[in-house]
Each structure stands twice: as structure tokens, then as C-alpha cells.
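Number of protein chains: 2
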Amino acid sequence: MSHPHPELGPPPKLAEGGLRVTPLGGLGEIGRNMTVFEFGGRLLIVDCGVLFPEEEQPGIDLILPDFTSIRNRLNDIEGIVLTHGHEDHIGAVPYLLREKPDIPLIGSKLTLALIEAKLQEHRIRPYTLEVREGNRERVGPFDCEFIAVNHSIPDALAVAIRTPAGMVVHTGDFKMDQLPLDHRLTDLTTFARLGEEGIDLLLTDSTNAEVPGFTPHERDISSVLRQVFGGARKRIIVASFASHVHRIQQVLDAAHAYGRRVAFVGRSMVRNMGIARDLGYLKVPAGLIVDVKALDDLPDEEVVLVCTGSQGEPMAALSRMANRDHQIRIVQGDTVVLASSLIPGNENSVYRVINGLTRWGANVVHKGNAKVHVSGHASAGELLYFYNICKPKNLMPVHGEWRHLRANAELGALTGVPHDHIVIAEDGVAVDLIDGRARISGKVQAGYVYVDGLSVGDVTESSLKDRRILGEEGIISVYLVVDSTTGKITGGPHIQARGSGIEDSAFAGVMPKIDDAIGRAARDGVLEAYQLQQLIRRTVGKWVSDNYRRRPMILPVVVEV
Amino acid sequence: MSHPHPELGPPPKLAEGGLRVTPLGGLGEIGRNMTVFEFGGRLLIVDCGVLFPEEEQPGIDLILPDFTSIRNRLNDIEGIVLTHGHEDHIGAVPYLLREKPDIPLIGSKLTLALIEAKLQEHRIRPYTLEVREGNRERVGPFDCEFIAVNHSIPDALAVAIRTPAGMVVHTGDFKMDQLPLDHRLTDLTTFARLGEEGIDLLLTDSTNAEVPGFTPHERDISSVLRQVFGGARKRIIVASFASHVHRIQQVLDAAHAYGRRVAFVGRSMVRNMGIARDLGYLKVPAGLIVDVKALDDLPDEEVVLVCTGSQGEPMAALSRMANRDHQIRIVQGDTVVLASSLIPGNENSVYRVINGLTRWGANVVHKGNAKVHVSGHASAGELLYFYNICKPKNLMPVHGEWRHLRANAELGALTGVPHDHIVIAEDGVAVDLIDGRARISGKVQAGYVYVDGLSVGDVTESSLKDRRILGEEGIISVYLVVDSTTGKITGGPHIQARGSGIEDSAFAGVMPKIDDAIGRAARDGVLEAYQLQQLIRRTVGKWVSDNYRRRPMILPVVVEV
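Protein sequences, first through last, are from chains A and B.
Position 394 of the first sequence, counted from 1, bears residue number 394 in the UniProt record's numbering, the numbering being contiguous throughout.
Position 485 of the second sequence, counted from 1, bears residue number 485 in the UniProt record's numbering, the numbering being contiguous throughout.
Just so you know, these hints were derived from the structure itself, not from any lab.
Quick caveat, the model's predicted, so the values are computed rather than measured.
Incorrect hints may appear among the rest.
Copies of the same chain look alike in the list, so a pair counts if it works inside one copy or between any two.
What the hints assert, rightly or not - List time: in silico DSSO-like cross-link candidates among lysine-lysine, alpha-carbon distance up to 30 Å: (1) Lys465 to Lys109; (2) Lys465 to Lys542; (3) Lys542 to Lys118; (4) Lys391 to Lys234; (5) Lys488 to Lys513; (6) Lys542 to Lys293; (7) Lys391 to Lys513; (8) Lys367 to Lys13; (9) Lys283 to Lys371; (10) Lys100 to Lys118; (11) Lys293 to Lys118; (12) Lys234 to Lys293; (13) Lys283 to Lys367; (14) Lys293 to Lys283.
Assemble the whole structure, with the sequences as input and the hints as a guide.
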């Protein structure tokens, strides 16, 4: 298996007749999936998603792929293939279309409907090309064939991209549920045909490559939901992802079976379920759905609320219910179902919500105590089937952290892909397919681009480092006016502290030390403001460290008059 | 089941002949376990542990129980029973002994050795009473019988406390491994005898009450370790908890079987394993342990390193190896085993370490891909056995978040404890055992006490709120000198920002707005410094919000001359 060298330089100009694959996101992380394909000077992009920030990115709203390497080649882009409508595959499209709004978007009906709704909020009306499984479309030099795959959102597609350099297949996110709710299987017949034709390079979803065995059927949840609904005596509140049409379908079916009505709560849930219903992906029995305001007129045992917030998001309805900060007040006997995954990193928030709901007397059903969730991604057992059917000549795991990519690579090797035809790349690493061999050729810029409020890219790693120090240690600001000729302090020191855990009155202890330091500096002829600022930083820093063993940020301002 | 009312007042004076049980930590959280028993005006404490901070407590080192409710009764304390030597049961002892150093500590040999080592660092030499299973000791009015229990550290004890009010049993942390490595079983024979005598109130570990079935045997890990050791061709690095003597024993045995030598890395690992070896809890074949410096002279395939850092702690050896910031440089083919749990909330840190190690070519074995960990706590199946043997008259789940306490209460109810004899309490809630019935009587102060650097309790919720704002949004400091008679700005505004993601040059945009606002205020006769500070805060805050849609902390300083 080839790995990128940490000190890889920029890739050379692509050899004539070669295809270059450059992931700008999704390799080394779960999220912001984006891959750029280059042939004959033209570009095709597959997916353009966002990554949600973790605690190391405090205050950040979203993380985008870095568009730097394609920014001066926007006119070369033939189109963006969107494999499905999840945020980590479509969420960054508005930010790319801001730079060039007429790049065509290519995807299935539901995928396009979801991205169009999102672009409307950004006031962008995109050029679109709707495709479905079995379609074959020429996009510049890229001959694209679309293949049905099964995932946790309907209408997902894989894409086979043929160029004179060979055939590359990108799975997008997928699993191989053999009994899907909508009977739309991952189309192994087509993958087998492509395998016979010859898949020169296969890019495969790695998310669940570490999970042994097979992902259970989505429909297995149905019996659990019915058991919960059958036992519930008061209201039922179900939290899930706003895009999980099949999961919500099963909730609606259970509600219908037990004579309950359903109200959707939350903007994204209402919007997405409206789209899914209008397009026929969600089948709703007449009279089942009611407005949330109508719930007051219904007895508790006839009510189901469907909302977001299953990841413990603090502003979502579910968190606010747990904190008694929502019009819906949880009472003893209510049932809350978290019919969703628990994304790593969200454990504390989710358990906080579960504990809050439990404390108010709710019976909380979640994946920790009932089978109310199945994954949307193929587990190791499925991936083995997939590799044996596709027989890829070269393999490049995508969509995953290092541990996932490596586990996926090892599955490929087990099925017979030669070790030296397996490439573990990471974000920005260019992989060139030349003469049937995929090899790493270099690395382009692919850092995190932060969205914070209205700004994109203004918040840098250095701002985040400052935030981390501020957040852990607080700040002490010291203001001083110094006579620039005598070196005497004529105003201040004014000290203000926030988050330091040091009482204002305690700073009396450091004042003489500042006086001393400034006095000594004056005698030594050191009078430049920036030097005095350094001196104050050192003096106050040492005092805090000695007395409190802490390291707050120190912000000295010396004004010379 | 009775729950505490959120607006519970302080408990009344304890009725004559009654026993009061007040948990000061560990109920509503996993950690800082501490329970106060009161009878006839005297107090007995069981455990005194710390809680490790989460992301909501930035910069905090440790969280202690709140000693306020016992602070003016320190002379009433007869002793502290320590059930076992984990930090969440003994870690706060130094902070309580600082207030009164001669409170006797009562525990088993290993438990006392661990707390004595810790107290030595705090320069406290405690009064101790060593006990073992089967002992019965009178501690003031509390007649204490100690019972062997099995846990993830050797020599753990439960305690039965008899007073004229009845018999209370506190399990501490426990599980019921039927094939423990040291053959020291949880003593069900004694619990059965106590059950026959009549357990009036049972306090039981809830940590795994949500986990169905039975916790696997510790010795099941042995075969997995041997498989890993048998397949490893280069160095093996095992990370685990520094107190998990039996886990480390199995690592030593595997190393011995495969002809490898072992070096301990890290202060707490070296110290604790030294204690465990000296006291006979760790059996070490002659010549097996070597100093870490001696490793350079051994071939890679004869080396095992045992270190801490299995929770992704950034300063621990394992994290530093993952970042190539440690003398031990991970290379292709090294094997790393995380033989430990993954404590909820640590997922991001742990996966970051696993990804880092994988990226350097290590083969990482962890509980996600191999059975290298079993829990130290009884699962639901074990708790059912336990309740059926103990037949408690009243039940009070301890050691757990709300979801765990409630799940544990429901297990008790299933075995026949009447619902109205089950009390779900939370930290600070006093439960009185009077005439054989346990009932909630009130609530004492039981908030978080933060240790940050050298200070205990100085960092308050308000400081933490400031830290959270600073950490998410950054700070803008504005300094201004105003002539107090004319209202004219004579110095500044000086603006400095940190972590705001706003470029310094951009603040030119807000300067005229500050001028305007101050000018208007002067014309209106508003000249007080604190009013002008408010004005600056509003003016700058609005400008940031309008232009960046963010809310940094704004720290205005107006000096009047």
C-alpha cells in the first residue's frame, strides 16, 4: 500500500492521457467530501460538502474544503456531480457557486431538490442536470454513468467516469441493504458489468470499514418502533436527522398503525419532509400530519412529534425540551426516541439531553438501549462482497479518517487487489492514473476553511489558537500610559481580567512589580512601547504563574504620551 | 420511585434514631463519588473522589465535591471509608484532609498504599486503619463490616454500616466476575447472609445498569493479547490505566510468554506498578521489567512498552507518540494496543491518537476492533443476581448519570423492591432512613468545586461562562481616554482583538462610530466612565454583529482625565 509522504511537494503537470484524482476533503476526516477529477485540462468535481466543527474549532459554524487549487481554474470545471443530498456532500456547493454560479450541478431528483432549497437561502439559482440510475451523460471529456446505491437518504448514486485514461468508479456513500424500504438496491448487476469491463480505479466509502459483519436492514427498526409505540401511554417524541426519509417513513407508519397523528417540528425537518412528500419519496396517509399548533387539541396518547436534535445540538428543540426551555414540556410518562446514530464527539451533548429528559420523567429510547438505528454505510462484510464483484485494478479508499481508510485498504487487499495497487491518500494528495496504474504524484493545498458568522476564511488557525488559550485560561488586559521622555507611568496600570478565576482585588499584588519593571526599564533607557509591552507581559505572566500556576493570555497596551 | 423535586429546600434536623445519607457527588454524574452518613450527630464518609472536567469546564484540572455542608462539622467526622483506590473515589481526599488532616482513612492495603502515595505529594501523612474483607470495625456509632468485591482494581471493598436505624450497604464500584484473575470473588455468601439479616437500605453502583447481560471475564482478554503478541513483528506498546493491575498483569504474562521485556513509561504507571509489585498484587517474573533506557539495546521484537494515555490525554506519552513529539518514534510495523475503555467524551481525543498512530504505520488494536477491554462494573444481568441475593428493603442507586440511576432503579423494581421503596436521589439530596423507610428529606449545597492550577474554588461558574464566550468568540478590547469636563476623546480609541477573526485594519470602520457615540453622549451630558463603557460595548458590539454576525466579548476601558 502506498501512503503519502508528509513532505510531498506540489504535483507536476499531468501527463498527457492521464487522469488526476485530487480529494479536497473527506480523506483523513468524516465530512466535507469533495474530489476533483482532471483530464485533458478539464475538471469534474464529485461532491462538495461541509465538515461540522469539533471542540478544537471553537465558535466555528462550518468547515469547507479549500478551493485554492481550483480557484484560478473555475472555467475548466465541467460540472459538479452530487452523489446524494447529505450536508457533508452538498453543503459547500453554495460557497463554490458564489465564486462561479453557472457551474452545472448533476444529480438525482431528490438530491437536486435539496441543494436547490439550500441555494435558495443563498439566493442562487443553479444550472442543473437531473440524472437517474442507468443514465449515461457526457460531461466534457468525462463520460459519466450513474448507478443506484442504497444509503440513509433516498436516491443516492454512484458514478462511473470513463475517460481515455480508463474507468474510475466513485461509490459516494453507500451500503448494501438487501431489503431496502424503497426496494431500490445497490445495483450489483451493474457493478458486476463494470467489473467485467474493467474498473481501473475504485474510490470506496470507508466509514464502516472497521465494523465487522453486515449493516442490519433499515426495516429491522420497524418492529422496535412498533414495540415502543405499542407500550407508550403518553406523547411520543422522535428525534432523527432531517434527511432520513426512510427512518421518518417508518415513524409515520408506526404512528398510523397506533392511531396517532404526527407533527414535524423544526425548520429543516418541515422543509425536507415537505420536499420528500411532494416528490413522492415519503408516503403520507391522509390526515396523518398535523400542524404542531393542532397538538393541544389532541389527547397525549394520540400525539407524535418528529424533530431534529438527535446529536444534542444545544439550539435544537430536543435539547431545549431537556432543559425545560421549550413550549413542549416533558412530563412523567412521555416517550422520547432518538432514532439516529451517535456521531463520535457528540456523546457528552447527547447524554446530557438523555439525562435531562430522564430527569423530567421521560422514558428515553436510544441506540444504547434499543435497536432504533442502523448505519447508512457498508460494513466490512459488505465491502468484501463489493470488491469481489467490482474486481478493481487500483483501489483508493475515501470518506474516512486514517483508521477507516487503512481498514478499507486492508479489506481490498484481502480480496486480491495487489498491495502496490492500493493508494491511501489524504486531503490534497493528487493520485494520477496513467497506463492503468494509480500513483501519488504530489499534494495541493487542502487546509480547513472556516465559516464563522458571515465570513468565510477570515478565522485562521492562529485565531483558533487564541480562542483555545482564551477559552482555557482567560485573559488579563493591562493598560498603561507612559511619559515617553521620563519613562514615568502617568496613567494606569489598569488591569481587567475575564475568565482567569483571579479576583480583581488580587491584582494589587502585581502593581508594585509592574512599577518596578517599568522603572528599571526607564533607568536602562528602554522606552519603546513594544518593549514595555513585552516587559508587562513577562512580569504579569510570571506573577500569575507563580501565584496561581496558570497561563492566561496577557494583553498589554502601553500608550506613550 | 421517588425523585427529588427540583426546588427541594434544606433538610430538617435529623429525627432521633434516624440515619441520614447525603451523597455529595457521584449521583447525576460518573465521578467525584462521596457519601456522608449521619447518625446521632456523628458522620461517616464513604469515598471522596474527583470528577474529570469536560469541554464545558475549559481549563479546569479537577472537579471536587462541595464540602460546604460538612465544613463546620469536621470534628463530627469519625472517618472516611475508601472502597478502592481509583481517583474518582480517593482523589479529593487530599483536599478534605487539608481542612482537617487527622480524619482517619479506612481501607484495604492497596487502597491505603495508593492514597498514601498521593498524600505524600501533598505532604500529608494520614491516620489510617487498614481493614480487609470479613473485618468488622466500630467507627463511632457506625458498626462497619467490610465485604470483598471484584472491580477493575484489586482489593476493593463494599461496606455494611449498622446503626440502631438499620443496616445500610454501600457496594462501591463492583462487578461479579466469576473467574477473576486473583480468585477474589465478589462475596455473595456474605451478601446473602446480610440479606437474610435484613438490608434496610442498599446503595448500588449504577454505571453499567443500562448494559444488558453480563460483563465478560477479565481473563477473556488474555487470549486476544496473546494473539496480538504472537502476530507482532516489531515493538508492542500497550496503553492502559495506571491502576489496572490485573490488565497489566496479563500484559506482563503475554510478554513473558513471547520472550519480550517490559518497560513502564510515565510517572503514575511506574509509581502504581511499583506499589502493586511491592505489596504482592502484581507478580513479575524475574528479569522481565527493564528500565526504558535499556530498550535501545534490545531488538524491536523483544520490546513491550506499557504506558498511560489510553484516553487520548494530550500530554501523555501515547498522544505525543502519535504526534511524533516523543523520543519513541512510531514506525511502520509497530503494534499499539489500547487495552482500556473509551470514556464517553474522550472519543475525539482517542480517535485522533489512533489516526495519528495509524498514519505513521502502526497497527492499532483497540476495543473498537478487538476484545482488549472489559468493564469494571456489573451489567444489568449481574445486578439482578445481586438484588435477588441482597433482597434490599429500600434501594438507592448511586454512581451514575440520571439515565444510569433510573435504569438501575428499574432493575431493582423488577426483582421485587417496591416502587415506593426506591429513591432516585441526586448530589446533595438527603435521604433519611427512619423506621425502616428511606425518604428524601431535603437538599444541601453540592455544586462543582473547581481546581485550576493552585487554586481551589476560585474559578466559578461565572468565570467559566466568560471562558466559553472568550473561547468561542474571542475578545475585543477598547481603550479610551476622555476629558471629563469636555467629553472629548483625548487618547485612543485603542482597539486590540484576539481570537475574533477580524483583521486589525478592519477596525478603522468602527472608529467613526465610537467618535459619534461619545460625541453624542457628551452633548447629552453623559460623562460617567461606566456609562461610556456601556456605550462603547453597545456600539462595537452592534458593528461586529452587523458586519460579521458574531458576538465576541467586548472589554471597554474608559479612563477619565
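Consistency of the hints with the structure:
1. In the homo-oligomer, the alpha carbons of Lys465 and Lys109 never lie at most 30 Å apart, since the shortest distance is 42 Å inside one protomer and 46 Å across protomers.
2. Proximity of Lys465 to Lys542 under the C-alpha cut-off of 30 Å is found in both arrangements, the shortest distances being 21 Å within a copy and 25 Å between copies.
3. Only between protomers do Lys542 and Lys118 lie at most 30 Å apart by alpha-carbon distance; the minimum there is 28 Å, versus 51 Å within a single protomer.
4. In the homo-oligomer, the alpha carbons of Lys391 and Lys234 never lie at most 30 Å apart, since the shortest distance is 53 Å inside one protomer and 32 Å across protomers.
5. Taking the closest pair of Cα atoms, Lys488 and Lys513 come within 30 Å of each other only inside a single copy of the chain (14 Å); across copies the shortest separation is 33 Å, beyond that limit.
6. In this homomeric assembly, Lys542 and Lys293 never come within 30 Å of each other (Cα to Cα): the closest approach is 60 Å inside a single copy and 35 Å across copies.
7. Taking the shortest alpha-carbon separations for Lys391 and Lys513, neither the intra-copy value of 73 Å nor the inter-copy value of 67 Å comes in at or below 30 Å.
8. In this assembly of identical chains, Lys367 and Lys13 lie within 30 Å of each other by CA distance neither inside one copy nor across copies; the values are 49 Å within and 44 Å between.
9. Taking the closest pair of Cα atoms, Lys283 and Lys371 come within 30 Å of each other only inside a single copy of the chain (23 Å); across copies the shortest separation is 43 Å, beyond that limit.
10. In this assembly of identical chains, Lys100 and Lys118 lie within 30 Å of each other by CA distance solely inside one copy; the values are 16 Å within and 63 Å between copies.
11. For the homomeric pair Lys293 and Lys118, the shortest alpha-carbon distance inside one copy (26 Å) is at most 30 Å, but the shortest distance between copies (59 Å) is not.
12. Taking the shortest Cα distances, Lys234 and Lys293 sit within 30 Å of each other inside one copy (18 Å), while across copies they are farther apart (65 Å).
13. In the homo-oligomer, the alpha carbons of Lys283 and Lys367 lie at most 30 Å apart inside one protomer (25 Å), although the nearest pairing across protomers, at 41 Å, exceeds that limit.
14. When the C-alpha separation of Lys293 and Lys283 is checked against a cutoff of 30 Å, the pair qualifies only within one copy, where the shortest distance is 22 Å, while the shortest distance between copies is 68 Å.
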